[in-house]
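Engineer: Line order of the protein sequences matches chains Y and F.
Residues -4 to 419 in our numbering are what the first sequence spells out, letter by letter.
Residues -4 to 419 in our numbering are what the second sequence spells out, letter by letter.
None of these hints come from the bench; they were simulated from the model.
Some hints could be false.
Same chains, same label: a pair holds when it works inside one copy or across any pair of copies.
Claimed, not checked - Below are the BS3-like pairs computed for lysine-lysine, each with C-alpha atoms no more than 25 Å apart in a straight line:
| # | residue 1 | residue 2 |
| --- | --- | --- |
| 1 | K33 | K211 |
| 2 | K100 | K242 |
| 3 | K0 | K321 |
| 4 | K17 | K142 |
| 5 | K242 | K396 |
| 6 | K139 | K17 |
| 7 | K229 | K261 |
| 8 | K157 | K223 |
Protein chains: 2
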Amino acid sequence: MEEQKVKIGLIGLGTVGTGVVKVLKDFANIEIVKIAVKNLNKKRDIENLDESILTNNPFEIVNNPELDIVVEVIGGVDPAYDLLKTAILNGKHIVTANKELLAKKGQELFALANEKNTVILYEAAIAGGIPIIMPIKTTLTGNKIHKIEAILNGTTNYILTKMEREGVSYEEVLKEAQALGYAETDPTGDVEGYDSAYKIATLATIALNQRVDINKIYREGITKISAKDMKFAKELGYKIKLIALAKLTEENKTDVRVHPMLVSVKDCLAAINGVTNSVVLEGFPVGRVMFAGPGAGMFPTASSVLGDILAIAKSIGSNDILPLMKCSHTINAQQTDINETINKYYIAVTASNTPGVIGCIGEICGRHNISLASVLQKGIDEKNTADIVVITEACKESNIKSAIKELKENSNILNINNLIRVME
Amino acid sequence: MEEQKVKIGLIGLGTVGTGVVKVLKDFANIEIVKIAVKNLNKKRDIENLDESILTNNPFEIVNNPELDIVVEVIGGVDPAYDLLKTAILNGKHIVTANKELLAKKGQELFALANEKNTVILYEAAIAGGIPIIMPIKTTLTGNKIHKIEAILNGTTNYILTKMEREGVSYEEVLKEAQALGYAETDPTGDVEGYDSAYKIATLATIALNQRVDINKIYREGITKISAKDMKFAKELGYKIKLIALAKLTEENKTDVRVHPMLVSVKDCLAAINGVTNSVVLEGFPVGRVMFAGPGAGMFPTASSVLGDILAIAKSIGSNDILPLMKCSHTINAQQTDINETINKYYIAVTASNTPGVIGCIGEICGRHNISLASVLQKGIDEKNTADIVVITEACKESNIKSAIKELKENSNILNINNLIRVME
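Construct all of the structure, not just a fragment, from the sequences and the given hints.
Structural biologist: Given below as structure tokens:
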């Protein structure tokens, strides 16, 4: 089939939008007909930009009968939801980088797209430049994937890498990351794990082949990780990473969550440093495969948007456009509560320097069916207290919570400094 | 479009073929109509195998008008070439795991397939279970990829990992790998780099978007790597890996080769151990992305075959089947000669324990425009000789060869033990 000249409308001309315009200039078969921006007068860093195609009314794009594809790179639910809904109703194909919208409104939008025989592609929404959606939907489509372990947020991975390498506090690194533009002024979305949760919601939905509800994803950020935790983890052979996790349990429930984890230095995810993202999938028959690369940034994100645009462009006019890329989920995941999950744990406490305090921790854990895998006691300070760190064997989250409660009540335990899950 | 029942013929029922039959039993829309085997009487490890579908005449498959897809997993050029050519002429789609055939006859077969409007998919031929062909052809299709660094052979990576970890010789590990079935009785295809060369020929062709000639790929195996090289590399912060490399040079030539390289422990490829494969791509706009996973084995390879079969199955009946997956190369690569390439080098020599011998090495290198980046001298032995290892800065291969020639002639240099390229 001869490729046709494909007409696109772009909503958003921030970092990603600018990248998209820059990379599309080399593709003569793609024409950007219209770009919606917030501020028509803002100076743009784009050579030979034809300003007559800018509009501050995005509905001019989604209602434009001339367009084949609407590319949305503004993020957030409002007004992106209304815009894309209108675009789909008007028969447009969608390319979006909007992880929050997909996590919150994906089900509805995909159903609508199926009805209208259009496609929504979103390679850029998850793990930036890394090809992950397309491989899951195509090459791996026959696999039963039962586990995803991923680093999906560059900002938090940058902060944790820096803390680990320089031995400095979370607060210090955050300030520096904000100064460098790696973290936002209000870093909540990143550091509290919202961004990762949006991404794992969609990633788990397509990889595990059942609809994951963003509201049922357990989420915990990195703000409580201390320089001491980093140091203890290192001594025990681990790094600390913000992990987005999704797995099928033995009871065929779906365990999806985002929280910091101790990751063995032998695990490939431990080697993912700085703003890099990575996704590890485990399934049958493929086994364990890993993808890594830039999780954000103007050009890596534009690469994924470009790939989606070209895939649609190549298929426009076909009687069934990109059949493998359509949403095919009919089952709603039965999501586990965090208290039901099984994990190994890192527990860091400050204890009084009393003989038998380690035995006492072991005993309390034992009463809650928790075995200890390793124990680390660090030097006694002037107050005659000691830092004690234990790694447990796998146990139920509700049991560890009961044990922690009892530890808190024990007079030898002066403080519970942290409780972090450990990746197996 | 409603999915049709798709009929396939399978040529080959060895490890990969058996895996394909096992995984396909879960897909009711795919019917294996016929399987060609060498030996009809061999006992097969497949439950409920209908032996009436076996044949020892593979032409019964490629000439069978009922079939939609021919899956070829016998390997080698003869008779696979004749079989697939006939199948394509008969309008069949092809799924193959045959890297040698693609490297040697790919151009002709792809041209024929384009003519007959059929597709040849080959995800399993390169890096086993890792999705790499589909991502390059789809998500990354708009990228200009300028470099590939890859570990594409599990046997050699297993041997090198074992040598590095246990400090043992190549010969010793090879024997063990043969006993475990990780290496073949005649290991030439793996250890001399032929297998990696076949794979990088096709991978470079699609990623760099120009036809790479297998006959012009420089190839060097791992048989000369010694336990001492491993040890010296480690002390200098490197591992030794068999690397398949492809890059565009500044003169817009194509530099494709397979040989051992020292890889910095900080590079993600250094963390690829055992039989795992990995492909790192560098391009614009994506930046640097990495893929890793099982490079061989019954089920990982079957996963890729399965993905290709399902992609075709989903598209059969479409007026333009998998347009992005078709061959679109029209340019023949201008391949560099190894002597023109620019590399850093590891040189290991045995020298007499004479004052100034390191200076003498530096002087000889200097005369050939080669600067030294680091030097390591190891203990003097009873013969009053010393092991000296140098790492050079980047220089031309022809220059290093002249320098080595001169070093050989120098009376202080008793032996040139090895010359290994170093990854930058």
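Engineer: Could you tell me which of the numbered hints above are not met by this structure, giving the numbers in increasing order?
Structural biologist: Hint 1 alone not satisfied by this model.
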